[in-house]
Amino acid sequence: MSQHTHHISSPATLISTFVALVALTVLTCALATLDLGEFDMPVTLGIATVKALLVAVIFMQLQYDKLFNSILLISAAAFLVLFIGMTILDSKECRPDVESYLYDQELSAAP
Amino acid sequence: MADAATLEPSHTNPHSGSHGHDDHPEFLAHHFEDMEQQFEAGKLGIWLFLVQEVLFFSGLFTAYAVYRYNNPQVFVDAHHYLNTTLGAINTIVLLASSLAIAWGVRAAMRGDRTTILSTHVFTLACAAIFMGVKAIEYTHKWDEGINVAGWYTHDPTAHGVAHGGWHDFMPGVMIGSLIVGALVIAWGAKRASGGKVVKGWVLGSIGVSIAAFGLGIVLAKCIMPTAAELAAQETASHGEAAEHESPPAHGKPGQDPADHAKDSADAHAEKPAIELAADGFVPGKPRFSEANFFSIYFIMTGVHAIHIIGGMIVITWIIARAAAGHFNADYYGPVEYVALYWHLVDLVWIYLFPLLYLIH
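Those sequence lines, one after another, are chains F and V.
Under this note's numbering, residues 4 to 114 are what the first sequence spells out, in order.
Under this note's numbering, residues 333 to 692 are what the second sequence spells out, in order.
Do not take every clue at face value.
For each label pair, taking beta carbons as the anchor points, the in silico distance ranges come out as [to be verified]:
id	chain 1	residue 1	chain 2	residue 2	range
1	V	358	F	85	41 to 47 angstroms
2	F	91	V	657	24 to 30 angstroms
3	V	358	F	9	42 to 48 angstroms
4	V	555	F	40	25 to 31 angstroms
5	F	16	V	527	18 to 24 angstroms
6	V	391	F	18	31 to 37 angstroms
7	F	49	V	368	27 to 33 angstroms
8	F	16	V	363	32 to 38 angstroms
No lab work stands behind these hints: they were computed from the structure.
Since this is a predicted model, take the numbers as computed values, not measurements.
Every residue gets a Cβ at the ideal spot worked out from N, C-alpha and C, and that includes glycine.
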């Protein structure tokens, strides 16, 4: 690429990222043996997200890449969150209706 | 744009001489102005594909999220059948493969053919170990009758005693793949030394994949408890599960069966609440059972495993092209695109592992 040079990751960066990823994996396994109550899910997903960011920013080189590629990934993640969030909200909203429908079905099936 | 001048960029490729190319970059497609434009177009293309992959998996994650939100206790109970150690080992194996392929991209940027080849073969080996471990996880479950809903014949009172035939079959697969893998590696080495470098490396890669699959089985067999140990573990974990049953998991609203009954009763006040609790949805017969959890488990990990296999195929393609000496500091796009895909497969597993194996 004669126009501008592409960033080449240094061995130290790559290896320290890998060590951090393994350390976070061990940490999340260790935390799974404890009961964190309602913080359990946020902590687990938080660690997973830190790992995902390490992979995306350093291994996938988003750090030195065009901003547009980062925007693409972020928008995909945003739509994923939107999809899950809306579906859960919808499921929560419709749950009583679904249950009463299933209840009626059962009543008519086995009076 | 289409005149001949654009096909022959003024700058000459410093590496072309050593690879026997002429002054026109060998892998510059005619519809691109120069190598840089071609590289950036390819990179945008692969990122758009990765976005599509994220959205594709989002459907599966949504199914997971909605069912877990509505049936937390089933997820807590069912995940005791998953071996966390194997899941953690597979995570680390995939992370190592990601490191290796990132190293391979670095080597490609530096025009270091030998390192591209070795890192990519290592990545393939990690992928195959992952698949070997998965094979043991899957067959253990099938032997116990744990399968997707509709084929779920698991008997919790059997306490891990397998009734399927896979466990008789797997040692043969293990030994077979180690032997066949070693033979194919030897064949590849012979071809490579006989002047057929590309064919030799491709055969070697396939051999490494087969042998590493066997190694993965060995690894998983060493860690996976035997039927007797499994029985003890299962009784212990079931006791644990029973202890945890009293508080509704994580205290999120609307997850207690009684709450649901109440909601329904509120919505249809004409129906007596007692009747709902008696033959309503959760207490009597669960509509979402462990079989449904394992449908989600098998589909999510299975689709991920298909991505691993696809990745292994394209990595072998990269090895073939690297062996042919196609890549240099000016042309390494395919190496980077495949690496980006491989990192995304790793990313998906980074979320799958805690969501499936570390529930409580």
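Here is how each hint holds up against the structure:
For the pair residue 358(V) and residue 85(F), the beta carbons lie near 44 angstroms from each other, so the given range of 41 to 47 angstroms is met. In this structure the hint that residue 91(F) and residue 657(V) lie 24 to 30 angstroms apart at CB is violated, the actual value being about 52 angstroms. Between residue 358(V) and residue 9(F) the C-beta distance comes to about 19 angstroms, which lies outside the given range of 42 to 48 angstroms. Taking 25 to 31 angstroms as the suggested C-beta distance range, the pair residue 555(V) and residue 40(F) conforms, at roughly 30 angstroms.
The hint said 18 to 24 angstroms for the Cβ distance between residue 16(F) and residue 527(V), and at roughly 38 angstroms that hint is violated. The supplied range of 31 to 37 angstroms is met by residue 391(V) and residue 18(F), whose beta-carbon atoms lie about 36 angstroms from each other. Remark: the range hint 27 to 33 angstroms for residue 49(F) to residue 368(V) is contradicted by a beta-carbon distance near 38 angstroms. Here the CB-CB span from residue 16(F) to residue 363(V) is close to 35 angstroms, well matched to the stated 32 to 38 angstroms.
The structure is inconsistent with the numbered hints 2, 3, 5 and 7, although it conforms to all the rest.
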